[in-house]
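Participant: Take 18 as the starting number for the sequence shown in this note's numbering and just add one per residue.
Each hint should be verified, as a subset may be incorrect.
Quick list of in silico lysine to aspartate or glutamate cross-link-like pairs, EDC-like style, CA-CA up to 20 Å [to be verified]: (1) Lys47 / Glu37; (2) Lys32 / Asp73; (3) Lys42 / Asp55.
Treat the hints as calculated values from the structure; they're not laboratory data.
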Amino acid sequence: DFDYRVDPNEVCGAKFVAPENEQYKLVTYKDEAAAEADGAYITHKGGCGYCSSLRDLEAYIAYPDMTYYVRNCAIKSFIS
């Protein structure tokens, strides 16, 4: 069961599990200090999965300025 209550101190961190940093898991930590102590890279405030899936996060990393593509798509739809 998913707990929808949000703890304002929680952070989501990417924790590498393979020696070559090719595999990782997302972990919800109680605060930034706990994530850093575990060697995780903080991806955002709030627990993992509250706002985006791992697939969404992958898309945001691949296209950091996603609004550019959305804007161009909207303009093309109005013109055509």
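Participant: Let me make sure I understand: some of the numbered hints might not hold for this structure. Which ones are they, in numerical order?
Facilitator: 1
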